[in-house]
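K.L.:
Sequence:
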Amino acid sequence: MWRIEVSEIGRSPLPPVDLDGDELVIGSGEGCSLRLPALSVQPQHLRLRKVSSSPLVIAWVAGHELALQGTSHGAGASGETSAPLLVELGGYRLSISQAPDGAVAAPPQRTESLARELLRSIMGGAAPRLVVEAGPAIGSSRILAPPDSRFTVGRGDEADWVILDEDLSRVHVALVRTWDGVRVVDLGSKNGTRVDGERVPPDAQGRPLRDGARLALGDVLLRFVDEAERYLTDDALAPASPERAAARSDGARAGQAPAGSAADSRSTHRGSSLVTGLGLLVAVLALAAAAYLLLGG
14 MWRIEVSEIG
24 RSPLPPVDLD
34 GDELVIGSGE
44 GCSLRLPALS
54 VQPQHLRLRK
64 VSSSPLVIAW
74 VAGHELALQG
84 TSHGAGASGE
94 TSAPLLVELG
104 GYRLSISQAP
114 DGAVAAPPQR
124 TESLARELLR
134 SIMGGAAPRL
144 VVEAGPAIGS
154 SRILAPPDSR
164 FTVGRGDEAD
174 WVILDEDLSR
184 VHVALVRTWD
194 GVRVVDLGSK
204 NGTRVDGERV
214 PPDAQGRPLR
224 DGARLALGDV
234 LLRFVDEAER
244 YLTDDALAPA
254 SPERAAARSD
264 GARAGQAPAG
274 SAADSRSTHR
284 GSSLVTGLGL
294 LVAVLALAAA
304 AYLLLGG
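In the numbering used here, the protein residues as written are 14 to 310.
Hints were generated in silico from the structure; no laboratory data involved. Being a predicted model, the structure only gives us computed values, none of them experimental. Hints are not guaranteed to be accurate.
The calculated label-pair distances, taken between Cβ atoms and stated as ranges, are [said to hold, decoys possible]:
#1 R227 with E171: 22 to 28 Å
#2 E125 with A217: 18 to 24 Å
#3 W192 with G44: 19 to 25 Å
#4 A217 with E171: 14 to 20 Å
#5 A158 with S66: 37 to 43 Å
#6 E18 with A217: 25 to 31 Å
#7 I22 with D170: 42 to 48 Å
#8 D180 with S134: 36 to 42 Å
#9 S20 with D180: 43 to 49 Å
#10 A150 with A88: 52 to 58 Å
#11 A147 with E171: 20 to 26 Å
For glycine and all other residues, C-beta sits at the position ideal for the given N, C-alpha and C.
From just these sequences and the hints, can you work out the full model?
P.N.:
This is how it looks when you write it as structure tokens:
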């Protein structure tokens, strides 16, 4: 099993992630074993394969420029090295080693959450938050603290967020944020909790929340907002297709602007202005000729 510790260069590392399997793909693509959300990271930036486990020997193939064990390599470079493997790519530093005996592979939620936490740093925060959409204090919001944290909502003073609604219990729900994501836990409320219309059972497991989820607590409706998850889901990190890139390159070489660009709009505007001007000139000349004939030449 692999153990990977990720950090932005110059920052403290995030908690390590243990991943199972003989091969790993690291990059910005959605299907990667470990996703690094940065425009400077390619969809499949680095491929790793176990050659042996005791000691751990790793075969690697670079899909783009990176530094490995302190040495720079270009796209297509490959080789074998023993663990621990130190990699720098796209502004990130990775330490890759053998996971200790007894380690448990991280669930998919852990790697998804890791990508979101890395992206929050790039976006300047973008912490998940709750927004009131119906009920008292409509429009107000609260930001969830970094992992590991717990945030409670209810009508009693002991709740972290007090919302004065008689249908709420004193401490109605808890929002638990860990490195596996955010989940809502019903704390035995009298009127229950629903997420997107489905009842949340009052147990310690709760229910995971995704961006855009609606939480109904009595007559209070909260929306869970996670901009980092939305960004990753929209695949905003995906590079343009080769066809689009080639079209842009050909247009630039020919001195042409892409369709719909500002230059294209200005060109269209100039063309329509010229047509309008010619039309006015013809109209003026026609009026002058008519006046000449009426006055008897």
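K.L.:
Could you run down the list of hints and mark each one as holding or not?
P.N.:
Checked hints:
1. R227 with E171: 22 to 28 Å: 25 Å, holds
2. E125 with A217: 18 to 24 Å: 22 Å, holds
3. W192 with G44: 19 to 25 Å: Taking Cβ atoms as reference, W192 and G44 lie about 21 Å apart, which means the hint holds.
4. A217 with E171: 14 to 20 Å: 19 Å, holds
5. A158 with S66: 37 to 43 Å: 39 Å Cβ-Cβ, so the 37 to 43 Å window holds.
6. E18 with A217: 25 to 31 Å: 29 Å, holds
7. I22 with D170: 42 to 48 Å: 45 Å, holds
8. D180 with S134: 36 to 42 Å: 38 Å, holds
9. S20 with D180: 43 to 49 Å: Distance hint for S20, D180 holds at roughly 45 Å.
10. A150 with A88: 52 to 58 Å: 53 Å, holds
11. A147 with E171: 20 to 26 Å: Distance hint for A147, E171 holds at roughly 24 Å.
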